[in-house]
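One line per chain: the protein sequences are C and A, in this order.
So that you can map any letter, position 32 of the first sequence is 32 in full-length UniProt numbering, and since no number is skipped, the others follow by simple counting.
So that you can map any letter, position 76 of the second sequence is 76 in full-length UniProt numbering, and since no number is skipped, the others follow by simple counting.
Quick caveat, the hints were computed from the structure, so don't treat them as lab data.
One or more of the hints may lead you astray.
Unchecked claim - Pairs of lysine-lysine, DSSO-like flavour, derived with a Cα cap of 27 Å:
no., chain 1, residue 1, chain 2, residue 2
1, C, 152, A, 248
2, A, 241, A, 59
3, C, 152, C, 137
4, C, 137, C, 120
5, A, 241, C, 120
6, C, 54, C, 137
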Amino acid sequence: MASTLPAGEITLQQQAQTVISGGTPTSTSTSTRGLQVEVRDAVVQFGDLTVLQKLELSIPAGQFLAVVGRSGCGKSTLLRLLAGLEQASQGSVAIGGAASSGLRSDVRVMFQDARLLPWKSVLDNVRIGVPGGDRSKALDALELVGLADRAKEWPSVLSGGQRQRVALARALVSNPSLLLFDEPLGALDALTRIEMQQLIERLWQERKFTAVLVTHDVSEAVALADRVVLVENGTISQDTAIALARPREKDNGFTHYESSILNRVLGRRPVNLNQDGFAI
Amino acid sequence: MKSPAARNWKTGTLSIGLEWLIPIVVVIVWQWLGSAGWISQRILPTPASVIEAGVKLVKSGDLFTYIGSSTRRAIIGFAIGGIIGFVMAILNGLLPLAEKLTDSSIQMIRTIPHLSLIPLIIAWFGIGEQGKIFLVALGVAFPIYLNTLHGIRSVETGLIEMGRTYGLRGFALFRTIILPGAMPSILVGLRFALGIMWLTLIVSETISANSGIGYMAMNAREFFQMDVVVLSIIIYALLGKLSDWMAKLLERSWLQWHPHYRRAK
Numbered sequence: 001m002a003s004t005l006p007a008g009e010i011t012l013q014q015q016a017q018t019v020i021s022g023g024t025p026t027s028t029s030t031s032t033r034g035l036q037v038e039v040r041d042a043v044v045q046f047g048d049l050t051v052l053q054k055l056e057l058s059i060p061a062g063q064f065l066a067v068v069g070r071s072g073c074g075k076s077t078l079l080r081l082l083a084g085l086e087q088a089s090q091g092s093v094a095i096g097g098a099a100s101s102g103l104r105s106d107v108r109v110m111f112q113d114a115r116l117l118p119w120k121s122v123l124d125n126v127r128i129g130v131p132g133g134d135r136s137k138a139l140d141a142l143e144l145v146g147l148a149d150r151a152k153e154w155p156s157v158l159s160g161g162q163r164q165r166v167a168l169a170r171a172l173v174s175n176p177s178l179l180l181f182d183e184p185l186g187a188l189d190a191l192t193r194i195e196m197q198q199l200i201e202r203l204w205q206e207r208k209f210t211a212v213l214v215t216h217d218v219s220e221a222v223a224l225a226d227r228v229v230l231v232e233n234g235t236i237s238q239d240t241a242i243a244l245a246r247p248r249e250k251d252n253g254f255t256h257y258e259s260s261i262l263n264r265v266l267g268r269r270p271v272n273l274n275q276d277g278f279a280i
Numbered sequence: 001m002k003s004p005a006a007r008n009w010k011t012g013t014l015s016i017g018l019e020w021l022i023p024i025v026v027v028i029v030w031q032w033l034g035s036a037g038w039i040s041q042r043i044l045p046t047p048a049s050v051i052e053a054g055v056k057l058v059k060s061g062d063l064f065t066y067i068g069s070s071t072r073r074a075i076i077g078f079a080i081g082g083i084i085g086f087v088m089a090i091l092n093g094l095l096p097l098a099e100k101l102t103d104s105s106i107q108m109i110r111t112i113p114h115l116s117l118i119p120l121i122i123a124w125f126g127i128g129e130q131g132k133i134f135l136v137a138l139g140v141a142f143p144i145y146l147n148t149l150h151g152i153r154s155v156e157t158g159l160i161e162m163g164r165t166y167g168l169r170g171f172a173l174f175r176t177i178i179l180p181g182a183m184p185s186i187l188v189g190l191r192f193a194l195g196i197m198w199l200t201l202i203v204s205e206t207i208s209a210n211s212g213i214g215y216m217a218m219n220a221r222e223f224f225q226m227d228v229v230v231l232s233i234i235i236y237a238l239l240g241k242l243s244d245w246m247a248k249l250l251e252r253s254w255l256q257w258h259p260h261y262r263r264a265k
């Protein structure tokens, strides 16, 4: 279907518009409590190495944005910039309309590893996320991720997926307005990963925070995000709105988005693939 | 509920029994060799006569006085040296400037065998308490310093970063993440230091003292009371074992979270 067009993006944009009229549930609704994010001309350098080059990115409040790209392209640095863990040497980052530099209590990060403190119980780990360390709030958050019955255990006895759920509870307990995911599901097995994706999607729909997910897994990006941006050489080289209704199934539309973004990431030309179809 | 508890008790006794098997066999063989006349009482008194000497010293009250004065030196010296080593390690682990300033000097002093200072110490302090406490403190400070510093450096940077994103800084960050993260290494240093503490004390008491277990041993040697000499060696061994056991208890209670130290349920 897209074979007649040179660039897949055009079709994607067209489709986006048609499906949006059918109604995607969240993205730009006015009742969101998420924060709007504006990145203007951001440059991040480590010594002589320029990791982000004049990067422009605008995330509407409540949007679920996925950032994909090859390793080393700067997508994690972009996330750390939003988190306030890196500083831009040029340009600006504005969160919720106000210029932002440094760490904020309404922005939370989930890392690739759970980063639980092994010397604190599961509950006490979640309490780190609560200002004042309120126990009942922490227990509620554990309930939310389905681990209330493990509250007294040490993190070392939990599985990888359970640890990430505790980390998610810790990030959610203070009701953040912007939640940043740095490949949090990268180390999980396929089944656990699907469960975690569903959990993250459900919580995002309930809590209406702005979400930014950095991932190398294009399928995961298409499954979760309203919009997928591709980072290459420190700038955004492709911006795709994913206009699929939720909950998402791996149907034709899904595969279309997935393969067109993947082809772009890998530098393959989908047109040729279709024409060479007889070879299969 | 009764049977697992009973089994636990059984395996517990069994493991304690295995630990003590070799020492008990050694004592029995030693007694038998002595009473059979294979070993002269002048060279190595039998366990029975050592116990007899012990009872005599307990009755006269000397034994407890000596143990008391040795333990007192050990504790004071350990506290002084331990606190100095710990504080220096924390300063150098957290402040790059402090490390730049002091670490290489500390490493230099560390290479001096502290017992080689004994002649100097006697010249400075005589045979009084200060010299021995000074030596113990000096010996104890380095293992505590090195292991605490290593522990602080080996705390995962990811955890510290996580703490920062959750707004922890300054003392809260230290108390919540850095100190507990360094604790396994600190306790290794503590056990090392306890060993060095007794060693230093034995040597310095043997050379210059007028009380303590080392003094008791040297005094007994002059009068050929071999049973008292052996008794004091055994007391040192017991004190060393006791302090190691206390350090182990600390590990068990402070490192419960660590899979390595957790007791099987």
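For each hint, the structure was consulted:
no. : hint          : result
1   : C:152 x A:248 : holds, 24 Å
2   : A:241 x A:59  : holds, 24 Å
3   : C:152 x C:137 : holds, 15 Å
4   : C:137 x C:120 : holds, 17 Å
5   : A:241 x C:120 : violated, 31 Å
6   : C:54 x C:137  : violated, 41 Å
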